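Asker: Chain by chain, the residues run as shown.
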Amino acid sequence: MADNGIGASVRRKEDNRFLLGKGNYTDDINVAGQTYAVFVRSPHAHATLDSIDTSAAQAAPGVLAVFTGDDLAADGIGPLICGVTVTSDDGEPHRAPMHPALAQGKVNYVGDHVAVVIAESLAQARDGAELVQVDYGVLPAVTDTATAADGSQQQIHEVAPDNMCFNWPFGDKEAVDAAFDAAHKVSTLDLINNRMVTNPMEPRAALGEYNSGSEEITLHLTTQNPHVHRLVLSAFNQLAPEHKLRVVGPDVGGGFGAKIFVYAEELVVGWACRKVNRPVKWTADRTEAFLADAHGRDHVATAEMAMDENGKFLAMRVNTRANLGAYLSTFGTMVPSYLYAFLLAGQYATPLIYSEVKAVFTNTAPVDASRGAGRPEATFLLERLVDVCAADMGLDPAEIRRRNFIPTDAFPYQTPVVQCYDSGDYHAALEKALSLADYEGFAARAEEARSRGKRRGIGLSSYVEACGIAPSAAVGQLGGGVGLWESAQVRFNPTGNVQVFTGTHSHGQGHETTFAQLVCDQLGVPIENIEVIHGDTAKTQFGMGTYGSRSLAVGGVAIAKACDKLIAKGKKIAAHALEAAEGDIEFADGSFAVAGTDKAMSIGEVAFNAYVPHSYPEGVEPGFDENAFFDPLNFSFPAGTHICEVEVDPDTGVVDIVRYSAVDDFGKLINPMIVEGQVHGGIAHGVGQALLECARYGDDGQLLTASYMDYAMPRADNLPSFDVDYAPTDPPDNPLGVKGCGEAGAIGAPPAVINAIVNALGVKHIDMPATPENVWRAAKSAA
Amino acid sequence: MYNFSYQKAASVDEAVAAMQAAEDGKFVAGGQTMLPTMKHRLASPSDVIDLGGIADLAGIAVDGDTVTIGAMTTHAAVAASAEVGETIPALAALAGNIGDPAVRNRGTLGGSIANNDPAADYPAALIGLGATVKTNRREIAAEDFFTGMFETALAEDELITAVSFPKPEVAAYMKFDNPASRYAIVGVFVAKTGAGIRIGVTGATTCAHRGKRLEQALGGELNAAAIDGVDLPVDKMNADMHASAEYRAHLVKVMTKRAIEACAA
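Protein sequence lines correspond, in order, to chains B and V.
For the first sequence, the positions run 1 to 783 when this note's numbering is used.
For the second sequence, the positions run 1 to 265 when this note's numbering is used.
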C-alpha cells in the first residue's frame, strides 16, 4: 500500500513543531502558582555530613521550605532503587548501599544531593540555597576504576567491603584455561573504555503538581519511560499509589539512556509539591547535568584470545573492572554484566569464553546505561582484540574476520554466552563494506597521503549487538524486576481517523512517523489521518518505554498486533453489512471486500458502523478500538561492518576522518531516511567517544570536565559525509522482520576509528579518546 | 546572577563617570565572557555599564597603511569587512574563526583584549602586527598592553576606544583549537612589515607574548625550516588536561612554521 507505508522515506511528521520552536518540553510548561526548586549539592566527593543548618535559608525572602534527607525519611519516601540483581561469586546478591534521594549522614560524590530549597522564584531559591550551612567532614576520595577495589582505598559504603559491588564470573574457566594452554598463539590487550557524559540536548527537568481534592500528583518529567517512572516511584519510593500518580513525558529533547532512570530530583519534586501544596519546578542547568546525570562506560579490562595456527579463535578470556559510581543507578548493575559479557562472542564462532567482571564503587556520579550500554564496551574490546590477533598472526584484519565469522548457514546460532542470534550474514556485510570503502584502493591512498606528510589508516569493526529488549522470562531469570513486553492501542474514531497509543516514548527517534507508516501500511489509512500518542500515563494504557533500541522491534509489533485485531473484527462487521460469510471477506489496501465480487466497504465505513451500530452483527461489541501486548521471543541482533579511514597529521596528532562506510543489517526498514539519521547520529556518538569525549575526575573527586569548555562533544567538522548501506537478513523471531537501529552506530564506530588510527601509526593500541596529544605521542613513539 | 545596577552609557565620558561613581563597576561590551561568569555567580559587580550605546566606539576606518577598528566592533563585522579583508586578510580570518556565530555577532575587539584571556585570539594579532591600543587617556603599544593572565595595562576607569593596526606586507594566523572550547591551545600570528618579522603567540603561556626566540631564529627571512632548531622553554608553557607543556611548546613551533609557510605561499 501507500506511498507512505513501509519502506517510504516519509518526512518526519514531528519535525514541523520541533523545527519551528513549537515543541512542548518540560521546561516550557508553566502553571499557576508555580514555585522553584534548587538543590544544595555537595562540593566534596566524599564527606560526612556533620551538620546542616537551614535556618537562614528558611528565613530568606521568598523561600517556602527547605528540606533535607531527614524530612524525606520522616515521610517514608525513598530510597532510590536498582532494579536488576547480579549474583556475586560468593553466591550473595550484589552489594546495594542505601541511596537516599537527599543525603543522610554522608555525601559520596560531587553533586550529591544535600538539601532542596523551594521558593517563589528561581533567583530566590538560588539565594536560599547559598544560605544553607553545611559542615562537611572531608574524607579521602576514590576515583580510579582500576584500583578502587584493590583493598588500598578508602571504604565508601559499609555494606560493600573493599568498594566491591559484585564479582561476577561467567563461563567455563577450566575449559577456557585449558584451551589457552594448548593454543598456538595467544594475543593480549589491556584497554580502557572511557567514561562518557551522555549529554542530551535538553537538560533534565521535573514539574510536580498536587491536587489536594483528588489527592493526585501529576509529574511532568524528562523521561524515556513514563510508566516505568510511575511504577518505581509508586512501588518502591512510596511517592503515591500508581492510580494517584500521573507521569507525563511531553516532548523530550534527547535521552540516549540518561532519561531512563529514576533520579533523586524527580522523587523530591514529586514529594515536595504535596508537601508545600504548590506546583514545584526544577530544571537542571548544564553544570548539574554534567555532575548528576548518570554517566556511561568507564571500564578497565584485559582481553586475551587463544588461536590455532590458522588464526581460528579457540577461546577468549576477559577480565573487567567496571565503575558503577557512588551509588547504584536504576539499571547500573545490568550494564557491565548482562548487557556486556553476553555480547563478547561478537560475530565470531569462538567456542569458549570466560569473563570476570568486578564492579566497583567510587566517589563519582552513578554510572548507568548510555547509548549502547555494555555493548559498546564489549564491541570495543573484541574488535580491538581481533585487530591485535590479526597483527600477531600476520593476517589482514578482513581475513581474520572471515576465518572466524559465524557461518551464514549456522543461524539461529547459540553463542557460548547465553545469546542465541536469530539471523545474520556477516560475510555479506563485510564484503559489501569493503567494496563501499574501496578497501583494495587503500594502499594507493595511503601512499599518496604519505607524499603529503600525512599517515592514512583504515580500520574495521564487525559488530553485533543485542537490543529490542527483551523477552520477559529471560529478564526474570537474569534478576530483572520487570517484564519487557510492550503495549499498543489502535483506536479508530467514528469519522475514520486513527489514534495510535504506544507505550514506547519518542525523544527524537521519529516514532510519530514510523509508527504511523506501519498503521498506514497495514490498515490503508492515509498517514495524515493517523496520530501517534505517547508519553502520558493518563493517555496510554501502559508501556515499558524506549531504550535498548526496542521501540520498533517490540512496540511496533504490538501496534501491528492491535491492527490485526481490528482487521479481524472489521471482517465480521463488513460481512454483516455486505451480506456475506465472514470467511469470504478479504482485507487489502484499506478495503474489506467479498472475495470474487466487486462488493466492498472501506475500513472507515466499517469504523463508522462500529460506532453507529444500527445494523450490526449479533454478538459483536460496538466500537473500533483494540489493545495488544507483545512480549518478544528473543532479543534483536543488528550487526554490520563499519570501516573508518583516517588521515593523521603526525606533527600535531590531529586525526581527520576522511571516509566512513557503514553496512548494517537492520532487517526490514520502515523509514530508510529515519534509519539513516539514526546511523549518522550513532556514528557521531561513537566518533565522539573515540576521539573527543571523556569525563575526567581529579584525584580529589572534582569533575574536571564539568562544562563544554572542557568536555568535547563531536561537531559537524569532526565528521565526514558517511557512506551508508545495508545487508539485511530476515529475523525469524520478529513478526515484522525488523531489528533495532538506534544504538548500532555508537556500538560499531569506536573500534573502527581506533583501529584506523592504530593502522595509520603502526602501533599496537591507543586508548580513547585519541586526543591530538595522545596521537602525537603515539606517532612519536612509533617513528 | 546576583542583582546589579545597569546603566547604558551614551558617551565615553558618561561611561567613565559611571564607573568612577560605582562601588565595584564593570564595563560590558559584548558580554560573551562576563555574562556567563555573572550567570554562574562567579562575578558580582555592583554596576554594569553597557557600552553598546556609544556609537562612535564601533566602526572600521582605513587611513593609508593603518586600519583602525573601534573597540565595540564585533568579530563578525571585522570578519566581514572588505577593508580589513583587503588590508590585513589574516586579521579578518582570525576574527571569523573566534567562537561560534553567536559569539562573533556579540563579542567585540575591545571586550576581548580588555579581558585578555590567555587563550584568546586577538592578543596574538595585536602583538604580531605591532598594533596600538587607544584609550580615553592614551595610546599603548600592544606589547605593553597585555601584562598577565586576565590582566592589562588599563586602569579601572580607563576605556579602550579603538585599536590601530599597521598594514603588513604579509601576515598569517595559525590556530590549534581546543577540541572542546575551540579557544586556542596555541595560536601564532606571524607578520612581515617593513620593520621586519614579528610573531605574536597566544594560548601557550599565561599571557599572549611576542615570540622573540622565534623571530631571532628567522633573521628577517620567512623560512620555516629555521624554526626547527629553536628551543622553547617548556617550563613557561601552560599545561592542562588538553595539552601538556611539552606538547604546547611543540605546537608553538608547528603553528609558527605553518604560519610562515602560509605567508610565503
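FYI, nobody ran anything at the bench for these hints, they're computed from the structure.
Note that the structure is a prediction, hence the values are computed from the model and not measured.
Just so you know, even glycine gets a beta-carbon here, dropped at the ideal spot from N, CA and C.
Among the hints, erroneous ones may be present.
Stated by the list, open to error - Quick list of simulated restraints, FRET-style, between CB atoms:
(1) V/Ala-55 / B/Gly-23: 56 to 64 Å
(2) V/Gly-96 / B/Asp-438: 31 to 39 Å
(3) V/Asp-24 / B/Ser-451: 56 to 64 Å
(4) V/Gly-85 / B/Val-31: 51 to 59 Å
(5) V/Asp-240 / B/Gly-23: 35 to 43 Å
(6) B/Gly-23 / V/Glu-169: 49 to 57 Å
(7) V/Gly-85 / B/Glu-440: 40 to 48 Å
(8) V/Val-234 / B/Ser-451: 27 to 35 Å
(9) B/Ser-721 / V/Ala-61: 40 to 48 Å
(10) B/Ser-721 / V/Glu-86: 32 to 40 Å
(11) B/Asp-28 / V/Tyr-2: 53 to 61 Å
Asker: Each hint should be assessed against the structure and marked as holding or not.
Answerer: Hint check:
{"no.": "1", "hint": "V/Ala-55 / B/Gly-23: 56 to 64 Å", "result": "violated (39 Å)"}
{"no.": "2", "hint": "V/Gly-96 / B/Asp-438: 31 to 39 Å", "result": "holds (35 Å)"}
{"no.": "3", "hint": "V/Asp-24 / B/Ser-451: 56 to 64 Å", "result": "holds (60 Å)"}
{"no.": "4", "hint": "V/Gly-85 / B/Val-31: 51 to 59 Å", "result": "holds (52 Å)"}
{"no.": "5", "hint": "V/Asp-240 / B/Gly-23: 35 to 43 Å", "result": "holds (37 Å)"}
{"no.": "6", "hint": "B/Gly-23 / V/Glu-169: 49 to 57 Å", "result": "holds (54 Å)"}
{"no.": "7", "hint": "V/Gly-85 / B/Glu-440: 40 to 48 Å", "result": "holds (45 Å)"}
{"no.": "8", "hint": "V/Val-234 / B/Ser-451: 27 to 35 Å", "result": "holds (32 Å)"}
{"no.": "9", "hint": "B/Ser-721 / V/Ala-61: 40 to 48 Å", "result": "holds (43 Å)"}
{"no.": "10", "hint": "B/Ser-721 / V/Glu-86: 32 to 40 Å", "result": "holds (34 Å)"}
{"no.": "11", "hint": "B/Asp-28 / V/Tyr-2: 53 to 61 Å", "result": "violated (27 Å)"}
The structure fails to meet hints 1 and 11 from the earlier list, while all remaining hints are met.
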